[in-house]
Amino acid sequence: MKVSDQSHYDRYLKGERLPHFRTLSGIEMKEFYDRGDSPQDPPDPGVFPFTRGVYKDMYRGRLWTRRQQSGFGTPEESNRLIHFLLSKGMTGLNIDYDIPTKLGLDPDHPLAEGDVGLVGTSMATLEDTETLFKGIPLDKVSTTLIVNPPYSAIHMAMYLLTAKREGVDVSSLIGTMMNCAITQLVGPTYQSGTHFFPVDPAIKIACDLMEYCLQHIPRWNIININSRNIRETGVNAVQEVAFVFSLALEYVRSMVARGIEIDRFAPRIAFFSSVHIDFLEEIAKLRAMRRIWARLMKDTFGAKNPKSCMCRIAVQTSSLPLTAQQPLNNIVRAAIQTLATVLGGSQSVHTTSYDEGYALPTEEAQVLAIRTQQIIAYETGVCRTADPLGGSYVIEKLTDELEERVMSLMEIIEKKGGFLECFKSQWIENEINGARYEYARQLEAGEQIQIGVNMERDEEEEVKINIFRQASDMQEKRIRSIREYKKSRDGDKVRRALENLTKQVKEKKQENILPILVEVAEQKVTAGEMSNALREAYDFKVHYV
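In terms of the numbering used here, the sequence shown opens at residue 94 and continues consecutively.
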């Protein structure tokens with residue numbers, strides 16, 4: 094719209110008004126809220142059901158962990174980025190793997206072409222893991238590894254071997270493995286993972302890794318159940334929470350079925366969530382998540398340890414509100430989302446960079462994201478008291494409303510046989526597609542405003558920001574490197590290791606897979622080769638043209 098348009102002036106002369114007063118989840122907001130909307134004050138922070146925060150002092154005692162994506166291109170490039178971001182104020186690692194790695198494909202696989210190192214780090218060998226973490230004190234820096242089963246187990250084996258070679262006691266490692274088998278199945282790339290590994294064995298291997306970590310790495314978060322990818326499809330806050338908690342119950346039941354006490358493993362469960370632009374609703378959502386999870390653990394599974402009932406949440410601010418149009422507006426959006434994340438009581442924050450509508454973030458954009466978190470922490474005053482919005486009539490009412498709606502949707506899922514049955518029957522997919530369509534329709538109709546997209550558009554805009562670009566020969570060099578690596582090995586030794594892996598998994602499907610993966614990873618076997626061996630063990634073939 095040009096500034097000279099008469100309609101532009103008319104809108105301001107008449108006085109502006111919102112198109113509606115509903116949240117993104119469809120909750121109709123009242124003109125104002127009072128004590129009648131929130132007759133009871135919630136318990137204090139750090140007290141069951143932890144609505145106001147999992148710790149009594151919250152950020153007075155310790156600020157959230159600042160994490161930014163630390164993965165692109167080769168392990169060497171990612172290592173340099175990690176050290177750069179740590180020097181700029183990042184306090185924890187978020188290691189994101191590229192798509193081929195996440196799907197169990199080596200860089201030289203035909204299906205990896207064009208995706209090697211594109212949106213994460215290309216990781217294939219034990220030596221890659223050593224290179225990626227060179228100079229990083231693994232027992233002092235909290236590391237999140239964003240990869241899922243069965244590949245999470247493979248890369249955990251390599252991570253453990255790297256720690257041992259660095260002289261680090263594995264029991265002292267601190268961090269989190271995403272390890273969520275359904276992450277890429279109900280995220281933006283819905284069902285992509287099912288083309289590369291079957292769901293039920295993936296759940297089994299996820300539980301193997303959880304059990305192994307409980308026994309050997311007591312400070313490690315055994316799973317980071319991912320609702321962010323679910324939210325990024327376009328579902329609303331109610332669906333996001335109902336879906337992820339229904340999925341979480343599948344893991345909890347699987348672990349209990351193994352004979353593991355709830356209080357043995359529940360304290361090491363974490364969640365990875367999204368925070369959208371709907372400020373008040375997103376704050377209330379994180380509060381509702383804590384309350385719902387606490388009651389599920391105590392009332393459904395009989396948890397007695399208060400830590401079992403603590404819903405610890407890591408957040409990456411949602412990419413959906415960020416636009417390619419007028420990208421500098423995204424700086425404001427991301428700051429608002431980050432503030433909502435903090436007021437909602439998250440334990441870890443990744444502020445999505447303003448330029449991610451185009452590519453991976455530049456170093457400049459990453460630093461700005463870190464500075465956004467630091468300004469909120471040190472300049473705004475919101476960290477001086479726990480849950481500063483606790484008792485707000487509107488926040489408490491929204492928390493109650495979201496809890497009620499989430500529980501109703503979870504009940505529907507349970508009546509249909511649980512999350513996995515709903516996933517296999519494509520009910521989840523249909524819900525996601527419906528929500529995705531509705532979100533797009535609202536944007537198209539102007540019911541949901543995005544500045545620069547359906548309001549204050551500038552048809553003559555020229556985007557003038559730096560955009561991250563990979564080296565043109567990066568993928569070619571990476572493929573050549575892995576081929577040379579494979580040629581340099583003792584082929585017979587590798588073949589025997591892979592045959593043994595397939596045989597062991599076939600014959601001992603009920604046993605924990607981690608010990609054999611650690612053994613095989615030491616034999617210079619690549620992650621892609623181990624993935625193929627696991628597929629063979631489960632009689633699963635990848636079909637492609």
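By construction, these hints were calculated from the structure, which means they are not laboratory data. Beta carbons: idealized from backbone N, C-alpha and C, even for Gly. Among these hints, one or two may not hold up.
Simulated restraints, written as ranges between beta carbons of each label pair [claimed, not checked]:
hint	residue 1	residue 2	range
1	P311	R110	33 to 41 Å
2	Y471	Q563	28 to 36 Å
3	A564	G154	39 to 47 Å
4	P311	A417	26 to 34 Å
Taking lysine-lysine pairs in the DSBU-like style, the calculated list, with each CA pair at most 35 Å apart, reads [to be verified]:
hint	residue 1	residue 2
5	K570	K391
6	K391	K509
7	K579	K602
8	K397	K508
9	K227	K596
10	K400	K570
11	K508	K257
12	K579	K297
13	K227	K570
14	K297	K181
Indicate whether the distance between the beta carbons of Y471 and Q563 respects the range 28 to 36 Å.
-> Taking Cβ atoms as reference, Y471 and Q563 lie about 34 Å apart, which means the hint holds.
Satisfaction of hint between K391 and K570, Cα-Cα up to 35 Å = violated (53 Å)
Range hint 26 to 34 Å (beta carbons of P311 and A417) holds or violated | The hinted range 26 to 34 Å is violated for P311 and A417, with Cβ atoms some 45 Å apart.
Are K227 and K596 close enough, with their CA atoms no more than 35 Å apart?
-> holds (34 Å)
Within a Cα-Cα threshold of 35 Å, do K227 and K570 meet the stated pairing?
-> Since the Cα atoms of K227 and K570 sit roughly 21 Å apart, the hinted pair holds (cutoff 35 Å).
Taking the beta carbons of P311 and R110, is their distance inside 33 to 41 Å?
-> Once the Cβ atoms are compared, 56 Å apart, the range 33 to 41 Å for R110 and P311 is violated.
Would the pair K391 and K509 pass a check requiring their Cα atoms to be no farther apart than 35 Å?
-> Cα-Cα ~23 Å, so holds.
CB of A564 to CB of G154, is that within 39 to 47 Å?
-> holds (43 Å)
Holds or violated: are the alpha carbons of K297 and K181 at most 35 Å from each other?
-> Roughly 39 Å between the alpha carbons, so the hint for K297 and K181 is violated.
Straight-line Cα separation of K397 and K508 no greater than 35 Å?
-> The given pair, whose Cα atoms are some 27 Å apart, holds under the 35 Å limit.
Quick one, are K400 and K570 close enough, alpha carbons at most 35 Å?
-> Violated: K400 and K570 sit about 47 Å apart, past 35 Å.
Is the Cα-Cα distance between K508 and K257 35 Å or less?
-> violated (47 Å)
In summary, the numbered hints that this structure violates are 1, 4, 5, 10, 11, 14.
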